[in-house]
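K.L.:
Build the full structure now, drawing on both the sequences and the hints.
Going down the list, the sequences are from chains X, V and C.
No gaps in the numbering here: position 237 of the first sequence is 221 in the working numbering, and each next residue is one more.
No gaps in the numbering here: position 262 of the second sequence is 246 in the working numbering, and each next residue is one more.
No gaps in the numbering here: position 147 of the third sequence is 131 in the working numbering, and each next residue is one more.
Please keep in mind that the hints were generated in silico from the structure rather than gathered at the bench.
No experiment lies behind these values; they were computed from the predicted model shown.
Note that CB positions come from ideal geometry on N, CA and C, so glycine has one too.
Treat the hints with caution; some may be incorrect.
Using C-beta positions, here's what the derived DEER-type ranges look like [to be verified]:
id: 1; chain 1: C; residue 1: Ala326; chain 2: V; residue 2: Val184; range: 52 to 60 Å
id: 2; chain 1: X; residue 1: His272; chain 2: V; residue 2: Val313; range: 21 to 29 Å
id: 3; chain 1: V; residue 1: Gly109; chain 2: C; residue 2: Arg84; range: 36 to 44 Å
id: 4; chain 1: V; residue 1: Arg84; chain 2: X; residue 2: Gly186; range: 17 to 25 Å
id: 5; chain 1: X; residue 1: Asp128; chain 2: V; residue 2: Lys306; range: 54 to 62 Å
id: 6; chain 1: X; residue 1: Ala57; chain 2: V; residue 2: Val313; range: 40 to 48 Å
id: 7; chain 1: X; residue 1: Lys289; chain 2: C; residue 2: Arg41; range: 54 to 62 Å
id: 8; chain 1: V; residue 1: Pro292; chain 2: C; residue 2: Ser48; range: 47 to 55 Å
A few chain V positions that, by computed beta-carbon distances, are all more than 12 Å from chain X [said to hold, decoys possible]:
id: 9; residue: Ala(-3)
id: 10; residue: Arg110
id: 11; residue: Lys339
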Amino acid sequence: MSAGWSITVGELAQLIGGRVVPAAGEDQATASARALRGLAGLHEAGPADLSFLTNPRYESQLASTRAGCVLIASERAPLPHAAQLVVPHPDATLAQLVARFAPPPAQPPLGIHPTAVIGERVRLGRGCRIGPYVVIGDDCELGDGCVLHAQVVLGEGVRLGPGCVLYPHASVRERCVLGARVIVHNGAVIGSDGFGYATVDGVHHKIPQIGTVVIEDDVEIGANTAIDRARFGRTRIGAGTKIDNLVQIAHNVEIGPHSIIVAQAGIAGSSKLGHHVTLAGQAGIAGHLRIGDRVTVTGQCGVTKDLPEGAVVRGSPAQDFKAQIAQEVAVRKLPGVLARLARLEQQIAGLLADKEPRS
Amino acid sequence: MSAGWSITVGELAQLIGGRVVPAAGEDQATASARALRGLAGLHEAGPADLSFLTNPRYESQLASTRAGCVLIASERAPLPHAAQLVVPHPDATLAQLVARFAPPPAQPPLGIHPTAVIGERVRLGRGCRIGPYVVIGDDCELGDGCVLHAQVVLGEGVRLGPGCVLYPHASVRERCVLGARVIVHNGAVIGSDGFGYATVDGVHHKIPQIGTVVIEDDVEIGANTAIDRARFGRTRIGAGTKIDNLVQIAHNVEIGPHSIIVAQAGIAGSSKLGHHVTLAGQAGIAGHLRIGDRVTVTGQCGVTKDLPEGAVVRGSPAQDFKAQIAQEVAVRKLPGVLARLARLEQQIAGLLADKEPRS
Amino acid sequence: MSAGWSITVGELAQLIGGRVVPAAGEDQATASARALRGLAGLHEAGPADLSFLTNPRYESQLASTRAGCVLIASERAPLPHAAQLVVPHPDATLAQLVARFAPPPAQPPLGIHPTAVIGERVRLGRGCRIGPYVVIGDDCELGDGCVLHAQVVLGEGVRLGPGCVLYPHASVRERCVLGARVIVHNGAVIGSDGFGYATVDGVHHKIPQIGTVVIEDDVEIGANTAIDRARFGRTRIGAGTKIDNLVQIAHNVEIGPHSIIVAQAGIAGSSKLGHHVTLAGQAGIAGHLRIGDRVTVTGQCGVTKDLPEGAVVRGSPAQDFKAQIAQEVAVRKLPGVLARLARLEQQIAGLLADKEPRS
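P.N.:
So, in structure tokens, the structure goes:
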């Protein structure tokens, strides 16, 4: 993090409501007086950095970290070097701190860059920032404080809620609708045609895709992700859902609120996902499925059937996580099983041969 | 679909050559007089909407749909609410109707936007529409009626047949050739360098990729798809082939006519696919393979060997569909197999122990 | 390859230090006098083309090729039609020849296109080529001879070393750093926000991503690939590493030098890869892993655990290549195993039944 701020551990504890645990052999006053001027991971941090334990995988780095202070969810025995700052949600606290101390994001200046091409009957809210070579189609409507970086393209009749941020080369096709505070990263495409054809005598005839896409509030969409418009009706992304890079969302898909779609996952046409669903990286959902609330789909998993609420699935094709793990463990033993089976067959053949002369 | 048109079921039947089947308790005249003003899926449709059954998965919605009329391939017993309009290919009929009644697509006005940068010796056909900030390199040639949306970039010497439509941020690199009526969605890249290196002593030296890409007539290319130029010669996409979003097509690949490549599928270098091949989502084809005509590759399948005409494959690595399914079924029983095997071993050990004292 | 050059086999042998092997029935002088005017694959080449055998898969085409001359690593018996030119590294020699004889790459003219928007305090090296509608943010620094094709966007404070080439619609976000001779293909995104949220009570709060991306010298990045900026610190791509199209590289990933990342592969957050690692197409690496030097990950493989130096892995989840192959072979026998097991159970039941009356 760039320089320009400095805060003591004690001031930070007051600011965020945490409790200070001194390092080994240190008293409370010394710990509280440590000055912090940066943020870094446990491994990289130095004595003037605030660090954090938000992933248990890095537990073992607590003993060796040189950080001045570590944000942590539960108190440990005093660490060799770092003071601890105990807070209930280190991740969330970290996000707040970063938002407070980070350098302001790079964005175009207030107003409309002279090179932007703005269509007819476009309504812009107050405080918008429209960058160079942005193209806004006729009849678009932008809420207050929207930021369109260089070369964003909005088709005709697109509507953006307040506070949306679209990065360079993002595009939103005609008539699609984004809610408030939607973030769209570079190169993401919202509203491209769904993949629909009527095949007659081996020739594929395009079915025009005349629906739209609706993105609800607080959604984030990653770089080069594609979300297709509906054949009719709407492709819909629920409020608070976060979508990573290079994700494919086909026509007429619906994703409930607060879901997490990790990079390179894909959802085929017309599937409906509940809220708080998690698709890990490179996972795939076949078309026309119903995926319940709070379902978790692991990485590279391929879902081909409906899934009830809370299901956790793994494998391609997807199965219940525990059943799949049991099978994977069993498959690892399979070469040995073949040997055991051959031995049994030999033994039984012997027993049967013994028996025959006797009968 | 937006308002502005209205047609009765009877008029529609005349227009498209279908047969009207009244709803339960309704007479022919009443059914034919129903007015339709929109198009919608079975679940969403209301009494003024035309709907359709094109996927057997939605058969069960026929009983509950509130649509005014349903396009259908074979007559059912009268439905509770909807009239039926029986046609041989509902999908194709639907496509024709949509093309007829849909709102005209959003496109730049006729002519060349004043901000477009047009190179030297560029030849434009009649009726082209060139949007804002389009860049066309020297020596390009565009057929009649081409539409280049905002910020499309054509490299030097690119040729487009008549009626091509390129959406915002699509780009075609130098010397690539597109046939007639090719559609390229937002952010798709045609003609990026193939991935080829000569590795000497652990250092990868780039092999210049000096071939091109040839896209034949009536191909559609999805958003953010990448099609690499050949090392020498041509990467080729056959006429009528449809390619979805985020697909990777490597250098020197050839795809025959009328194939379907679903989202996030990838084809490695120099593989040749026949006609009417289907790659489902996230499928992968290794390099230097021959894939026969009418092959079907299921979702997430990984093809590592040549495939004969008509093959249907599944799994990673790919195998014959039925063999793969049989193995998947068997694997699901494998944890039980291990238990059964252990029991057999115990029983045989007992039998052998019994035998030994006797001998 | 376009016309305009012509060289005899003998001149070529002198130029590159190879040895000429005449075709069957031909003398040395005749072979050396053959004139070459193009480059082509074995199957496509004609008598005036230089061809090459760089992949043993095409060995069988040596007998039928009509090429004038074939670059080859070890001498064969005289071929029916083609002369041989024996060199130690045909791939590398080919790359040199292509670089020497290929048509010059299409690029914008020297200088800054009048439509480019250049920020304040931007420093451009000598001999740069800045194309139409390029946008360069404040405080950027470009080394000598950089080429920015149409509509490239650089955020604030981006630094490019000498000789970088960025193709249309490539974008580099604020403060990211590219070394010398980095090539970025169309639509690739460097420095988009990492995918990081703090989830409190089911709501995902964005963790600002305030780190950067560092791309070292001689890296090539494919079309529509996405490389996210670090949460803090740096996402880093080592010198000489080559990345194909549509690859996902998450925040805080580090890739060592001279690695190969094939199309549609993905690497989740904070994983560290060594040097000379190969990820084949559609492979995935889970987050927070350590992947040793010279590791090979096969196509569609899913790595979920750390891998030691030199490991070769296959399958999803990944396992040692040989163990995985043994299991795949065993699984193919599994349906038969079930039948054999049922037969054994029947036989043993018979033996046990026989035994009981006797005891």
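K.L.:
Hint by hint, note whether the structure agrees.
P.N.:
Hint by hint, here is what the structure shows:
1. Ala326/C x Val184/V: 52 to 60 Å: Once the Cβ atoms are compared, 57 Å apart, the range 52 to 60 Å for Val184/V and Ala326/C holds.
2. His272/X x Val313/V: 21 to 29 Å: holds (23 Å)
3. Gly109/V x Arg84/C: 36 to 44 Å: holds (38 Å)
4. Arg84/V x Gly186/X: 17 to 25 Å: Given a distance of about 24 Å, which is inside 17 to 25 Å, the answer is holds.
5. Asp128/X x Lys306/V: 54 to 62 Å: About 60 Å separates the Cβ atoms of Asp128/X and Lys306/V, which means 54 to 62 Å holds.
6. Ala57/X x Val313/V: 40 to 48 Å: Holds, since Ala57/X and Val313/V (Cβ atoms, about 45 Å apart) stay within the stated range.
7. Lys289/X x Arg41/C: 54 to 62 Å: violated (39 Å)
8. Pro292/V x Ser48/C: 47 to 55 Å: At 22 Å between Cβs, range violated.
9. Ala(-3): Nearest chain X Cβ is 19 Å from Ala(-3)/V, so the label holds.
10. Arg110: The claim holds: Arg110/V sits with its nearest Cβ about 24 Å from chain X, beyond 12 Å.
11. Lys339: violated (7 Å)
Going through the hint list in order, the structure does not satisfy hints 7, 8 and 11.
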